[in-house]
Amino acid sequence: MKNNKSIILLIIIGLLLNACEDILEINPSSSEEVLEANALKTESDIEELLNSAYDALSGIYGGTFQRSVDLLGDDMTFKPGVTSNLVNIYKRFSTVYFTDHDTYTNSYVSIMRVNTVLENIDNISIPGDKKKELMAECFFIRAICHFALVRLYSQPYNYTSDNLHKGIVLKTNTKIELLARNTVEEVYKQIESDLKTAENDLPATNSDFARATKWAAKAFLAQLYFQKHDYDNAFTMSNDVVSNSGLQLDPSHYQRFLSTSDTIDSEIYFPSSEALFKLVSTPGRNKTVGGYFDEYKADESNIPNIRIDPDLYYDVISANSQDKRLHLWYKIFNANQDNEYIGCTKFNKSFKNIPLAYITEQKFIRAESALLKQSVNKTIAIEDLNDFRERAFGDESRNVSSDISEENLLIAIHKEKRLELICEGFRTQDLKRRGSGGESGLLVRGVSWDYPGMVLQITASEANELFELNEEPQ
Amino acid sequence: MNYYEEKGDFLKYLRKTMRIMRLSLFLIVISTAMAFSANSYSQNTKLSLDLNKATVKEVLKAIEDQSEYLFFYQKKHVDLNRQVTLHVTEQEVETILNQLFAGTDNIYVINDRQIVIGVAPRRELEKQAVRLNVNMKPVIDQPQQKEITGKVTDTDRLPLPGVSVIVKGTTIGTVTNADGEFSLNIPLNAETLQFSFVGMKTQEIPIEGKTVILVILEEETIGLEEVVAIGYGVQNKRDVVGSISKVGSEDIAGKQIVSFEQALQGQAAGVSVTQGTGMAGSGSVVRIRGMASINASGDPLYVVDGIPISQDMFGLNATTWGMNPNPLSSINPNDIESIEVLKDAAASGIYGSRGSNGVIIITTKKAKGTQLEINFSTKHGLSTPANNPNVVGTENWMQMYQEAWENDGNTGVPQNLPGNLTWEHAKLNNTDWWKEITHVGYKQEYNLSASFGVTEKLKAYISGSYNNNESYIKRNAFNRYNGKINLLYNPTPKLTLTASTMLANTKTDLVGDPWSGGTGAAMGTALPIYPIRNEDGTYFKGAGNDANPVMVSDLMDVFNDETRTINSLSINYVPIKKLSFSVSGAIDYLKFINDGFQDKYLRSVDGDYIWKSQTNIFNYNYSAIGTYNTSIEENEIVFMLGNEMQYSKTTGERNEYDYDPESTNPENLIDYGIQEWRFLSFFGRLNYKYKDRYIAQVSLRFDGSSRFGANNKFGTFPTFALGWIASEEKFIKEIISEDVLSFLKFKASYGYTGNSNIPNYEHLGTYVTPTNNSSYYNNMPVRYPSRYSNPDLKWEITKNLDLAVEAQFWGGRVAAELAYFLKRSEDVFINVNISQTTGFRDQWQNIAKIRNEGLEFNITTRNFVGNSLRDFRWTTKFNISTIDNKITDLGGLTSEEIGGGANDTRILLGYPIGTMRMVRFSRIDTEDGRPIYLDREGNETKTYIFAGENGYAMPAGKLIPDFTGGITNTFEYKGFSLSALFIFSYGAKLYDAAAKRQMTLMSNWNFRTDGFDRWQKPGDDAKYPRLTLDGNNWGASEQWFNTSMWIYDASYIRLKNLSFSYDIPSKFLKKTHLSSARISVTGTNLLTFTNFPGIDPEVARDFNDARDRNMSPNATYLTIPQEKIYSLDLNISF
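Protein chains in written order, with our numbering: chain A, 2 to 475; chain B, 942 to 2075.
Keep in mind that the hints were calculated from the coordinates and are not lab data. This one's a predicted model, so the numbers in the text were calculated from it and none came from an experiment. Incorrect hints may have been included.
[As the list claims (entries may be wrong)] Here are the computed lysine-lysine pairs in the DSBU-like style, where the Cα-Cα straight-line distance is at most 35 Å:
1) A:LYS80 with B:LYS1883
2) B:LYS1307 with B:LYS1016
3) A:LYS80 with A:LYS350
4) B:LYS1590 with A:LYS176
5) A:LYS332 with B:LYS1541
[To be verified] Covered stretches of chain B (in silico footprint by chain A; criterion: 3 or more residues with CB under 8 Å from a CB of chain A, positions within the stretch not fixed):
6) 1617 to 1631
7) 1637 to 1651
8) 1701 to 1707
9) 1723 to 1730
10) 1779 to 1786
All residues carry an ideal CB built from backbone N, CA and C; glycine is no exception.
Next up, chain B with everything else stripped away, as it sits in the complex (with noise of 0.2 Å):
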């Protein structure tokens, strides 16, 4: 017999049991699976004891004696001294065993002779009798035998005990030892050897006249057992009634990407991550179960290791630069462990009036033992638009020109051409200018992370990185320094400090605005025939500042540079094992700057032109939780308790002023104000389990916020929740075997979320008293109201119900889950145009109501999983989600009092965010080429009346894709491995902004290829109408007028991410000191396949209102295409 502490090599076992304690959750859920196999020898072999006040030790060695049991344990798990009094006549060793451990904390894993005792992981095990029995008779010994010898350890390499051995087909075998070694006679005719565990994958070698066998048993995880933060707290996944979605570092690592968030692209039910434009280092647009606000942000909650974390980008006093800038890009993705997104109202209710868009709680890394472990990894890409623009080049431009100019009545030579140009002089150039501002962007990123202790009590984990990330634009690349020290010190066994701190510097290099001389005049404002010099050297300006992106981009240097620190501290104390408390305090701080220079080539005055804008965001952040957990009999309770206060302070300032190097430059501060709010909230959760299959919990939230008004200082955000772990019903298991349906769990919550992100002290009525020079009248100074109170503001409250079923089947080979949600958002925030007869032009009030409704199912399949890792596996992940978003209730407010997003975006009654409201565009009159609309009641009709009473705009298309979701399929075979993430969309429409500009309108704007399906001549069949030099041609007065002609459908599949990649093995690395090596490529966009015609469907266009983001993010407008990245990765540790 061998028990641990006679090795008394702590270390060594401290993780072996680590192991065991988490398949012992494992067990759980198959153990019963096998509990119906007969013949066991637990079953055949029945004991009996008579002992009194015997220690635990002594019945141990006992049953040993009268048994073939061995027992395996760690010492300091079972107290073996406890005197214990036996009476037992003729009875299975678990009737014993569940007597023997009744009380305490631990569990037991029978696995044929081998009995391991572990401690249960969590109070909620406790009373669990876990067995498992495998199918074996005894061994009985043969003739003409050979005696083979090996070792099995796990995918660590470390060894693992109790392992059983058997040779395949017979009923010969034994275990592992301590060591995890083995040594059994086996007839000489024997082929395979077969190797299983509890919990880890049978692996069937065959012998081939080998004498000494090395197996790596890997672990068969179907994640129940997996661990899921709920926010302040974590959970068993098993036992969450929650609607959580998980992405771990794993899923992180194989990706090539910039901030984190753009991990979750594709990955999770319900999550829509759209990410930015192609520019480098740009922010995502992410929404949780559809989109529940109007003039509110509805970007989520994200809680970086329990703290809320500041991450409202338009805070920054950031113009756009045609990127949505990205404060979450300081933290390094490496450095995180695990990403959540809590969902329902039973995860993310206790949140509160900050819960209802949804909550993103990132874990990072954290020290993992004593033992040093270093990695290292580097990324190498290669950077190139996923599309190029289809824009044309000078000789289409011309004729086209001049097709327009003869349609319109004209003859001969076209006139007045744009740029100052003559017909003869545009003829020699041809300027390609996307290709000018455009080149193969370099991307590289270093990682350098170690985990060690220092001393026995104190950990270490600490990070190192660099990321220059250069995007395909020219001048434009992302930067980030960042390093993360975190510390974790276990002064006694009741109390751990923990320690974190991270630095982080980012600095973007900005090129202009799309729209003025940036990216998108090349695709716009920028003609082919326009040359970038002039004959004497001079850029070209004959066309504006607009129409040279090349000059813009070389006279102009903007950058975005963000410092950021997050600092926290906690304390953990456990006075007795039932009851813990803990203290955390945090500062999370950040400056933004917002630098640039201007040429005076680019300016009217004489003088170059320089500002900078800086932000400084202060967010202060203490917690105390008290989380109290016991059980009486089959009742299982937690209860947690908690105070939580936020403060955060702007401040900012902005100096610009024309540079002169020769004298001291004026300085010229714009102080942006102070910006402060708080949050006070008291909060409370009690989860409750009966006989480990009913599940019940309640939580409660009070939060207090400055920015909620004097009648509405605190909101109550309660929630209730159901679960019941059906599969562990018996009748259940009469239906279904358990070899199919390994688990089955019903869910259902319901509650009340909120959302407060509204601009601060709008419940206030204010004067403005400006002091500056020329807000003075007639020399005296002013002062104006410029809001009126409203105290009765408040959150956005969410009604949330979730009912959802997760099944595993076949012992984990397929696991599932399907929910169906619906949100009911009621005193939506509206910045409504109150009526302008009052002098006020807008206030922020609780007026709409708002319906999310949908469905979200993922599913995840081993298809193939072999009996090793070299085996070949594959598996697949498939997630898809619906959304069916409407308004319901505006308060009786008109689609104007409201005002529109971007590009006649609306919010109407009955319709989803941000429909298109335009006039309807029916068809091209085949006679004389013109345009022929919709009124009202669907006639066609020429002429185009856009608003009021008469006035022909009607819905004609959402922005809301019907679903969206992601496939992922990962092959692996002998240490390699292809993983392939497909993402898709159906159902949104793109309202293409530029579209109207660059087709079939003949002005100062480029031309697309797409739009030569245009009318020539009388019975032309076209898609868009004849060409024209002026837009009353097509029926309006005005020249860009929004019809449905542009809106076109957005849906699309895109391979986000293809990833190639090899293990090397560990022989190789054996002489190199590397635990483990991993090389691989990947591919980032490579594919798309789709019917938009313009660049990129899938767009997140830049807006610095988060109305706009809402509404309107996919009204593109010049917005330049994601990148295309090829990369080469290369991942060691020692």
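Bound-form chain A, shown alone (with noise of 0.2 Å):
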């Protein structure tokens, strides 16, 4: 009896201890990690994680976006001997492994933050206004990310004729599930109704434009009408943010991508001012964005891996050497011996911001599409493309007069668009528009706008039995 009272004392210890599952939760302890039930419980929970979502799209127009587009497109050259992802993405054979994995990541990265939001927003005690404003936001960034995926990784709009063509997953909440891509004709539709509700409910200022506005949304709602060929909606919103935003033209070039003062021979230049959203650094913190353009960075301490085309720069940039742009955004190295190359010097600062949408690219798409849309506007085009000349050179000596033709304008806006908004990554989405748009003889760098290298491939692992890789070129 003994041994049998030891054995089932041994029972109850351990079924006391198995009643103690307990012991059995440990929570990370880490001050840095918070479990996902005591995450959001505050406005300034909410406003943090919408925050991270801002903060994730530096990850896609933080110059990776930009970047994988130019080297699509006719401006760039790129280093000899390098093997990485972007020679796959220049060369126009993007494959499953080399790709831009990051624009594609992040953006999803961004949109799940915002939908986390919106899912979570009504179980927090917050002021109606302020509400609708934060979903306004979310609102925006989704439709932003969603834009840059689609022209990315699809056709272009009008690639088909009812747009059915491969878009990319639309993905408007957090469920964890596969899903098959949308077309791009759904896509371009939840962009617009995402940028139309940011439209109404944002603040016509907030955050010195780094975080999202009306107009902000309305100067997206313009690129994504221009990308579609609606070219009178892109008119009126263009004209709507230039005329009624109260920006203006930033007196010089240089201080496009300034993140604070800067002097140049006792002249001082402040940062941007005409930028309607913007992706911001913060030196005091030592937090930049826009680091994944360092592959243009071209000093004495950086070979850049991206450069400008050659032919383009003799022929085309440097045609008028009284251009401000010339010295303000080139450099030439080793100049005249075989290995001469011709860097960007643009994005040379660690600490810069970003401008997504300003008066300048703004009054571009108002150019081109006062003279696309039903009733041409001559005038207005004129206007703002005489704007740019006379930044560039200083005076009105090439300035357009009124007598040019309708023609040789929108090629005059074309070429100064080029010039002006050069490894920003707008050229070659107006290739794909224009040719879409059905501009005869347009070339690529060789290719069809619609060569199946134009479009970049997804990343290996989306590969599934819903998802529909992209056509790879032979």
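If you follow the hints, you should be able to join the two separate chains into one complex; please do so.
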């Protein structure tokens, strides 16, 4: 009996311990990690989450999206001998392994964060107007992320007449699930709807345009309409922004990417004041955005991988030595030697702001839309073009006169936009838009605008029975 | 007659008794063999007794009075005052003794007229009626005699009583007395004396006119009486139904090893040990019965004296620096008594959710007795590479660069040489970088240990050791200080307290990562055309830091410093004989520091750089075990019930800063955070044996872990096993004589084991709230989801089937075991790349299924046994195991969703883990020298397309060998011993990721001589393509693409260990107070037979990721070769 008692005792001890399943609940004790259940309790938690979505945008629009787009186009060359996924993009042969993984991944990270805000915001007490505003910011972020994705990983709008060709996955909730790709039509619809809501509910100013505003939403709507050949709406939106936002063209090109004031030859340059929405660096916190632009960085310490096409430089960019942009944005290295290259110095600063929608860019949309919309407005197109030229040359010497033909005016606007917005991710989109709009004989560095390699392949892990990858060039 | 107790010298006889106890088990096996011998004394002698309430002592005396029998026993083992009543008529002595000792612990051995009474060492033997009859007739006095005297001892020089001494070919003989002495009158013409004793090898000694003969008898071990650790208990090997391999201290001591797991190499079937690189202190990759994990660690569970210890190298926050860091190396192999490897469910199932990868049980040395025993050993060795890299010198390199230059359509002298050298300048240098970074390393090791009794009740084992182990790489060495104390205290016979403590410090001086200016640069990016130093004496940096390993070695100082202490206290209480309780607690603490200094010359900024990373792992363990054993008639039952809890906490931080000797250096602390986990377990095991031959075992474990999701907090792991000792059956004995088949056992087991080697917290949904300044965006703090919850997360489960047969022939001259196993692993963890549209990257999920199937065979043959220690003896041990590994289910996931290992090793449905998936290379076009690949359909093509639906990447080789094993031959003669261990591996492929850079594509890498076999002109039938400077010429847009051109056969046979030793005879030792002395010379990795053209086919590449260790351990990339070591060892005992 004594033995049995001992065994029973052991069993009882065991059962007692069994009851304490609590001791098997160990949560991360890091001060920088919290359980999901405790993560979103207050308004400031929600704001922090939303802020992290803005933060993630620098993984998309902080250089990856722009450089991928530009590499597909006709402005760049690539440093010989380098092996990286960028080479594949440049060769227009991106594969599931060698593609732009960052833009793809980070877009959905940002989208997930805003969707999390949208799904949780009702559980937290926030004043109605404020809540509406925060939600509008979420729609804005979601829209511009989907917009980056669809431009990079799908053939452009009008590639098919009904736009039922493969778009990207629209993600409007936080469910963990496999999804098929939406059509380009669906994607554009969703982006428009998100931006419309944002336009409605966002304030006119917000955090000095580091966060979304009504004007930012309008600016992106202008980009969206422009891209889908809806020039009437593109004109209306961009005209609204240019006319009513209260922002003006910066006096100097040098201001565009500054995050703090800078002095050159005792002249002080302030950060751009024409940005409608921008990603910001905070030097005081050692926080930088736009690090992905380092591939362009051309100074004594860094030999850039991505360079300006020499033909473009000599034939177009440097055609007029009076162009202020020439000395501001370009530098020739190893001049007259075999290994000469032309670097783009736009992004040389460590701490920079990246404007994603700004008056210059909106004026280009307005100018071109003015010529392409139903009722042509040549005057405003000329006005916008001359504004750029006056800024670039410092006087009216290069202005176009009102008797310029519409056709030549359009060509002039195209060329001016190429010079003005070089390395900022617009050129290739414009070529695709023009190609899909029916412009004949258009070649992008030797291939057609709809060449399969002009669309980036999607990262390997996405392939599944629902998800169809892009066609790869043979 | 001689009663031991009359001598009254307890200690003197304790050891004898112990030996008798051990021998008694042996007797079980061989006794039946002798049972058929006719005409034995016992069968012919019938006794009659009629005693009422007589004491045992009286009974024994009555038997002695009636016969020629003599009884030997120790008083404490036999209850002489027990009263019995015996009524027998004309019975053999066994019948009487069986009645007399029924229900007691006593067993007996009949050696002709001598009957030794002892105690069964284990309960199972209680009922054994053991007897042995030596075929010998009564001694008859003969005329013309002379007297011969002598003494018989065992190998420990302890007297052996009861040894039969007979004149060969006659019936003349006697037995030794309690002091092992004998005196015998023999005929003058007698030539040989024969000495025999149960469990000892019979010896024949020529008389040759001698009158005094000293004989040492050696135990005839066949292993069945061996006690084997089975996890929360021990068992006799004979009764074990699980699959367990044991390696004893003697197999560890003779090797030049730093860490104990190396001793398992080639020793145990199904246990694959791949030693790390030749770097000092490098860890091994140990896999038991294949690989059943993808993302989770496949390492076995290590249990030291009952404590599951911290051994996960990935928890150390250390970059590898060219080798796998090895937390196991803190343990001094010299302190280890035995290593048991538990392989199947019946064996490792008791460890539940941590048993799937097998369990390695380490038992450390304990005090043997109260007598003082001191052992000292020292080893001194020289280290050189097992093989040197075959990279070329300047002349060859430049010649081939020129050839590539011209092949590419250029003319004249090549321009743009690597390192910005001109062609003329390059010619001036010819640096042999490998020679510059290597030397002959010196290894020294000192071990001192003592076992003694402080008092009768308190015994101690104390040891200390120092190891300074240089490798052949300059500035690379492993140092270890280790001290250990084991105390055993018996205040009362029912209570045992054991306290054990170990303190060790290891320090490993490291060199840079192989691929960044470390050792590998000497085979890769450091070209012979580069000088070590510029003309002004500064180091040459023209080709970057990575291309000057001498500079990196001199200007960078990195070391790992590990301090470890393992402490345990256990109380064992035996209230009654059938019941015992054991409670123990342990603390295993490990502090791991990775410290480094980088000279400013290596940096682009002005200032040295210093870092220090520290990781602390506290590992607390508690267990309580109750064991109850009983026997009812022929049923024997052992029942064990236990509870265990383990808690581990890891903390750490890293400090790194630019060093400025003139100012206070800033602290830049990075907190590694806290990692905690806990296991809570309840377990039980029931062992049942019937008639000493039918065995059944059932075990069950419930494991709860903090790592499991809310829906699966506890796992249940049942096992069931059966055993049948067929050689006990009469009908078997009738078929095969027991002289031939001495032992035969069949075993079968089935059960569940688990693997829970996953990171902590993976089941929880969490947010990150970073606090460092640069995490702020737009001056606002951020927070974001980092993981979404998986409440279903649980252990991997392996369903194990094991069928085995064990047999021994000719009394143990041949012992063999054959096993078949089938491990079906389910819910295998995959860190799945989930659709990125979710905003998350991956999650640990229980998804895959893996099947491991194999055969294991091991055999030990004693080819020559001789008659004495000094005769020629030859023993062979051989083991081989096959493994068939296959992924049987991936839950519909594609290879891409799972992700690849290093160098395109992949997880592919229907293929083994770590299948190399590459574009297959067909041949070289003899016309233009370009490579020809195979497309998916197997058609030849010059286009290289890797991935995607149109890609040509196909399974092209597996890294898991078809079979591996080892063979040890030991020859002994007159104290000399020669032992050779060959290990072999067949059927594995090795991906040489460096080869593609070292051969045929000329770049800033050095070239290998085996790449000379290249295409040079039309018509050449070459192994490798034409030289080129541009990979585009080979059909791909990337330079460094993977093709099967670089997959090689990695089969090899290697002379792992060759040892020649000499035991100095005792007659030389007498004056020195030494009880034994052995001197030996050992060689490690002396010979390798392989077709692998690279440096070393035995590769365990360093990886920072458990998955890579599972999938690509032998995708080599500048992995430095193993060491070839010559060492001289001395081992003395007092």
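Here is what the structure says about each hint:
For the suggested pair LYS80 (chain A) and LYS1883 (chain B), the alpha carbons sit about 26 Å apart, so the restraint of at most 35 Å is met. This hinted pair checks out: LYS1307 (chain B) and LYS1016 (chain B) have alpha carbons roughly 27 Å apart, not beyond 35 Å. Taken as a hint, the LYS80 (chain A) and LYS350 (chain A) pair is honoured in the structure, with Cα atoms around 21 Å apart against an allowance of 35 Å. At most 35 Å may separate the alpha-carbon atoms for a hinted pair to count; LYS1590 (chain B) and LYS176 (chain A) meet this at roughly 34 Å.
A hinted pair counts as satisfied when its Cα atoms are at most 35 Å apart, and LYS332 (chain A) with LYS1541 (chain B) qualifies at roughly 31 Å. Note: the region 1617 to 1631 of chain B has 5 residues with beta-carbon separation from chain A under 8 Å; the three-residue rule is met and the coverage holds. Requiring three or more residues with a Cβ within less than 8 Å of a Cβ of chain A, the coverage given for the region 1637 to 1651 of chain B holds, as 5 such residues are present. Counting residues of the region 1701 to 1707 of chain B whose CB lies closer than 8 Å to any CB of chain A gives 5, which reaches the minimum of 3, so the coverage claim holds.
Counting residues of the region 1723 to 1730 of chain B whose CB lies closer than 8 Å to any CB of chain A gives 7, so the stated coverage by that chain holds, three being the minimum. Counting residues of the region 1779 to 1786 of chain B whose C-beta sits closer than 8 Å to any C-beta of chain A gives 4, which meets the bar of three, so the coverage hint holds.
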